[in-house]
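Colleague: Could you put together the complete structure from these sequences and hints?
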Amino acid sequence: MAIYEVFLKKDGRDEFRHVGALDAATDELALVSARECYVRRGEGDRIWLVERTAIVTSTPDFVAPNHHKPHRHHGGEAVAQRRRELREQDAADQSAAT
Amino acid sequence: MMGQQHTEWIGVAPFLEEDLAFASIGQDELGHAALLFEVLVGSDDQAIDELAFYREPDAWRSCHLTEMPLSDWADTLVRHWLYDAGEELRWQLFAESSLSALRDVANRALQEERFHRRHGDALLDALLKVDDARARISPSLASILPSALAMFDGVVEEAEAVAQGAIAAPFASCLPAWRDRVDERFGAQDWSTITTADGDRTTRHSDFGALLARLREVFDLDRTAVW
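Quick note, the sequences are listed as chains A and B, same order. In this text, residue positions in the first sequence follow our numbering: the first is 791, and each later residue adds one. In this text, residue positions in the second sequence follow our numbering: the first is 3, and each later residue adds one.
A few of these clues could be false.
Partial list, computed: chain A residues near chain B (C-beta under 8 angstroms) [what the hints assert, rightly or not]: (1) Asp-813; (2) Leu-819; (3) Val-822; (4) Ser-823; (5) Cys-827; (6) Asp-883.
Some chain A residues flagged as far from chain B (calculated, every beta-carbon gap over 10 angstroms) [as the list claims (entries may be wrong)]: (7) Leu-798; (8) Thr-816; (9) Gly-834; (10) Ala-882; (11) Thr-888.
Keep in mind the hints are simulated off the structure, nothing from the lab. The beta-carbon is built from N, C-alpha and C at its ideal position, and this holds for glycine as well.
Modeller: Structure follows, in structure tokens:
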């Protein structure tokens, strides 16, 4: 038996989503099981089954160092704050000059 | 009847995936039965319930193959395959009926039955390669083949239905095709030694009463309940 991860997609622009896993002895059994276990109420229009051992992955420490790098976030708060300060400085300079 | 038998494996099939798959297939069969009842009495729910739950045993047209209790998984899998192989041929006959409502049901059922057979075949493809599994399936096949063969014996009033065009031909006309499928799936059988018992197709099995009681167990709790 092998473990297969099950992904479903609705027709249209939605992406494939992971919905669960199942045990099966062959690819064909995995397909017929997935059909009756995960799509019996029409939850998806397309199905991907991926043997868990075929997934390329790593341990959590592989990505952990990237968790705290605010400078890589695109929120723009730091730049907005800097521009606000510059605007206020400009206004203060002008009113001091007049 | 076959749908009820299959769904009773929920929770006790050999593994979780099969548990769900087999009960789901059973649900399809119950759905097909409901569609056939609708062809007979229209969409009146009460009339359908009356046919499905409260007919006298003599008024049923089921066969021993679907009525007999099986507690062994190998027996059940073999019955599933043998029944579905026959059922496809029968739906094909119904698809040529003079009754358009019956043709519609048959065409819909044929779409779903493809997947039932794929399920049975996928299991058998995997299991028949394993010595231990094959050793369990062989005696199951030998014990169930006679009842399965009896599916093709004439059911009461079949000749009349054929004469009126409701069915394109007697079900027995499909027997050679079914035997070929069995031979192809399980190896050549010595058909001359396999005989059906009188009444397998025309009388109710001794377990029928108990099976029918289980089928309507929930319904009997409150016949007037709205679900």
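Colleague: Could you run down the list of hints and mark each one as holding or not?
Modeller: Structure-based check of each hint:
no., hint, result
1, Asp-813, "holds (6 angstroms)"
2, Leu-819, "holds (5 angstroms)"
3, Val-822, "holds (4 angstroms)"
4, Ser-823, "holds (4 angstroms)"
5, Cys-827, "holds (5 angstroms)"
6, Asp-883, "violated (73 angstroms)"
7, Leu-798, "holds (16 angstroms)"
8, Thr-816, "violated (5 angstroms)"
9, Gly-834, "holds (15 angstroms)"
10, Ala-882, "holds (71 angstroms)"
11, Thr-888, "holds (80 angstroms)"
This entry does not satisfy hints 6, 8, going by the numbered hints stated previously.
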